[in-house]
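Using the sequences and the hints given, assemble the complete structure.
Heads up: the protein sequence lines correspond to chains S and E, in order. Heads up: the first sequence begins at -14 in the working numbering, then just goes up one per residue. Heads up: the second sequence begins at -18 in the working numbering, then just goes up one per residue.
Nothing false has been slipped in among the hints.
Under the rule of at most 27 Å between Cα atoms (straight-line distance), these lysine-lysine pairs were calculated in the BS3-like manner:
1. E:K147 to E:K171
2. E:K272 to S:K123
3. E:K271 to S:K64
4. E:K147 to E:K160
5. S:K123 to S:K64
6. E:K171 to E:K160
7. S:K123 to E:K221
8. E:K221 to E:K147
9. E:K221 to E:K271
10. E:K271 to S:K123
11. E:K90 to E:K101
12. S:K64 to S:K(-8)
What the hints contain is simulated information worked out from the structure, not anything from laboratory work. No experiment lies behind these values; they were computed from the predicted model shown.
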Amino acid sequence: MATTDAKGVLVRNLGLYSFTFLIALLATGLFMVIMRYDPWIGLSTLMATSFRTSFGFWETVQKFIPLLLTTYTFSITYKIRLFNIGGLGQMQIGGIGAMIVAMELGHLPSFLVIPFAFLAAAIGGGGYGMIAGWIWNKYSINPIISTVMLRFISTYLVLFTVSLERYADPIGGHPMTSTLPAAGVLPYWGKVPSWILVALVAIVFVYLLMRRTVLGYKIEASGMNPNASAIYGIRAPGIVLASFFLAGAMAGMGGATQVMGVQHRLIDGFALTSGAEFSTFGILTSLVAGGDPVAVPITAFLMSVLLVGADAMQRTMNIPVEMVFLMQAILVLLMVTLRGEMERRRHP
Amino acid sequence: MIEAATNIISQIISYSSIYALASLGIVISGRAGIFNISAEGIMLTAASAGFSIALLTQNWILGCLVGIAAGGLFGFIFISFHERFRVDQFVLGISLIIAGAASSDLIDKAITAHGTVIAKAPTVLRWSVPGLAQIPLIGGFFDQNVLTYFMYLCIFAAFRFLYRTKRGLEVRSIGENPKAADVVGIPVLKTRYAAAIVGAAFMGLAGVYLPLVVTGAYSTGMVAGRGFMTIGIAIFASWKPQRVLPSALIFATFEVIAFQLQLFVPQQQYIFLVQTLPFAGVLILMMIFKKHVEFPTSLGAPYLRE
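This is the structure we're talking about:
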């Protein structure tokens, strides 16, 4: 009985995903026609760029890693029905933490520097996330407001940090620090970015956390509490703080991968990709996946494929990347609507 | 000295119009139980759509109307998805923020298609109230563009409507207890549709205010978080229209003070710290005045008849 049930869920989900994706794709094609671009070339560029060359594929993986982490950032607090939309802030504070450790401990061997930098990023991002949790516990100010305000503050904190004499790149035109010492740089294994490990560990960690630990059970239960369905959420201060810490730590580590793996320095706008914030795409991905721990990595990869495709479309066909943001928003609305309708059909 | 102060007050009022218009929209829909957090996206789309039309027609009135219409359209999408498909209001809000940010740039690129030259549209008419505008300090309130006067009028009208008419009482009762309102025969669904659409239209007007009054041109992401500040202002004003203007003034003051302070900071890096002031200020003020804030009881909750 259980196996057929699982099969049924799988078939239903596959159907749901393919259907919504197809509709979103059709809508995007329609926009392209309206804006007088060739929809066939556009859509094939969008979907296939990641798989045409190995460069495209590893580019996709590189976008996937922080995207996955920021997806968890939104998903974890969404479990307790709170909206952490300031993943950008937590990612930026994480990036600042990683940069400072890598700079200050740069003379040590890298097997010491890198774990410490990630630790600093996790604590920095997690601590910054916890501020919103604390404000919610103590002052009942919805995290929708507080995380956004903190996000703007952190953007200026990045600008402040990179312009400190100790770190600033004296000849950099853009606000940025000088290059990290070699010990603080994450290596590539051939073409494989080594920080894929962070993503893999995060996948296993979140799966075990939600399915096998008391904390995960409590988080899940707080979210399911019927009283919590009201917008005010439930009052379990410890759970709120723990979820915001975990969420922020994920974003912070995402920031660290960008600083130490991709840019090798702290730079204004390091938490952006394809012209928008990683954390924004994380929110969209999380809503599409519906918080399902298995669906999150798959959806995050799919979204990364779309982002790489969007970059390519902009480069080769001059189609604005915003076209793909709109497509993703449509994807979310369709997915959430259809999922809700299906739920109600099954449990009327 | 007094003239400089009057100028600063005038600048504060001009900025606070953006906040007041959008917050008024959030308050109006909030009173019917609709918590629309997508002001950021709505304002962006309205800014680019309204500016494009004002640019093409060289007519700012048409630009404002298009901004209002764009806002209303978003409000309609919001409320239909919520009422028909029961999508969570916050999920809808977040999706519309992103959809709004995306469509604003698409509209800009599709319609205006300007190259490197920043195109300018006609700005909104300015009008000094004869006599009143010459009074020191207070004069800042009366040396404004016509949209600001329109904002004064709307706040007064919204207050009169919500607190002095029967229909207004009905709207407020829906925000408190929709089921009870339904029982006594108030058209809950229709009113919620109307409140959401009118509210979003105000956000649209706030959005188009930016390019047509403040900057004179559209630029990507020009709303720059003000859409989120307006949510803070609506909460700070306890969802009361008469408190929207003073709250908006406080927050606009933060913005203008931070802007003026920068002139006195010698080192570039400390300017960045000064720039955090409006955002930190919003948070700290909300924390201090937390006890004075009231919410409509059923705000953000779906209404199911069965």
